[in-house]
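Number of protein chains: 2
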Amino acid sequence: MRWMVSLVVAVTALTGVIVSTISVSGLADDEAAPIFGIKIPAGYRDWKLISVAHEAGDLNDLRAVLGNDIAIAAYRDGKLPFPDGAIIARLAWDYVPSEENNKVFGRAQSFVAGARTNVQFMVKDSTKYASTGGWGFAQFKDGKPADEALLKTCFPCHVPIKARDYVFTRYAPTP
Amino acid sequence: MRWMVSLVVAVTALTGVIVSTISVSGLADDEAAPIFGIKIPAGYRDWKLISVAHEAGDLNDLRAVLGNDIAIAAYRDGKLPFPDGAIIARLAWDYVPSEENNKVFGRAQSFVAGARTNVQFMVKDSTKYASTGGWGFAQFKDGKPADEALLKTCFPCHVPIKARDYVFTRYAPTP
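Chains as they are written, first to last, in my numbering: chain A, 1 to 175; chain B, 1 to 175.
One chain only, chain A, in its complex shape (with noise of 0.2 Å):
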């Protein structure tokens, strides 16, 4: 009988692996990024929305900044800091023009999301993160996890802003 339980505890274990490495973005996640350990979470791309943004000169992007259901509740409540479990989400497309647009508005004043650029995370873990103000920091381009010299300059950028817990991004208000 041990041989048929191994078995199915091989199956098992693979039919995990081949689940945990197809998210429903449909990119591969099993790839960590370093110094933080963060894979990228399933389902981000249907997160809540919090806020967006446009970042012009060398970045030239337009962003969404999604919330997990943690880091969501915590925004409304106005709850600082976000609690273990929050995951902010931060994903960025190249700033195009819109010709059909533009062509309808009868003038070049339509910037739409072109094509993807990169995701970011910032997973609060007050514990395993303690050193960076409890939130851990990833990276990653066509699933791709960014290297550690990138990783490394993130938080001492979120420091200023330590007094909403190190995040820059405010809850848009609602229409």
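By construction, these hints were calculated from the structure, which means they are not laboratory data.
Some hints here could point you the wrong way.
Copies of one chain are not kept apart here, so a pair can be met inside one copy or by any two copies together.
[Stated by the list, open to error] The calculated lysine-lysine pairs, modelled on BS3-like cross-linking and capped at a C-alpha distance of 30 Å, are: (1) 144 with 48; (2) 141 with 48; (3) 152 with 103; (4) 152 with 79; (5) 79 with 103; (6) 103 with 141; (7) 162 with 103; (8) 162 with 144; (9) 141 with 39; (10) 152 with 162; (11) 141 with 152; (12) 141 with 162; (13) 128 with 144; (14) 48 with 79.
Given the coordinates of chain A, assemble chain B onto it according to the supplied hints.
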């Protein structure tokens, strides 16, 4: 017994009225938009993200386009025309520079969502809205619907994009 039944009916109706005037957005939604008779759909602030955009010029806003589950499924499946029941929401906010972000970036490059401007909805009902491509249009500012004159301008502007079932916004790729 008849008066008791009437009382129950009256209380139930009253409760219904109270509940229907408080949407999860926190805004009153008892007032329907003219022409198409659309009310603010409950919970739209938490719908899934379709894409983001910036309209410069006189509008000068940042916007998020969200969809209810029927709309999102149609986008993902590339299904056109959108099925009845699909609703697309366009939320907009003033396009404002972020001083606190710019300080960190060391340059003036960051624009974020400021005060809310308004929210628009496209509601698919191929029977009810047959004369406008199967779509009803609505706009609300602070919970109040835009007037008939404004709503009459919606469909003509969407006609050029008939090939995509009158919907301009494309689904942003998952970063």
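How the hints compare with the structure:
no., hint, verdict
1, 144 with 48, "both (24 Å within a copy, 24 Å between copies)"
2, 141 with 48, "both (21 Å within a copy, 21 Å between copies)"
3, 152 with 103, "between (44 Å within a copy, 19 Å between copies)"
4, 152 with 79, "within (27 Å within a copy, 43 Å between copies)"
5, 79 with 103, "between (45 Å within a copy, 25 Å between copies)"
6, 103 with 141, "between (33 Å within a copy, 26 Å between copies)"
7, 162 with 103, "between (44 Å within a copy, 14 Å between copies)"
8, 162 with 144, "within (29 Å within a copy, 38 Å between copies)"
9, 141 with 39, "within (12 Å within a copy, 40 Å between copies)"
10, 152 with 162, "within (17 Å within a copy, 48 Å between copies)"
11, 141 with 152, "within (17 Å within a copy, 43 Å between copies)"
12, 141 with 162, "within (27 Å within a copy, 34 Å between copies)"
13, 128 with 144, "within (23 Å within a copy, 47 Å between copies)"
14, 48 with 79, "both (17 Å within a copy, 23 Å between copies)"
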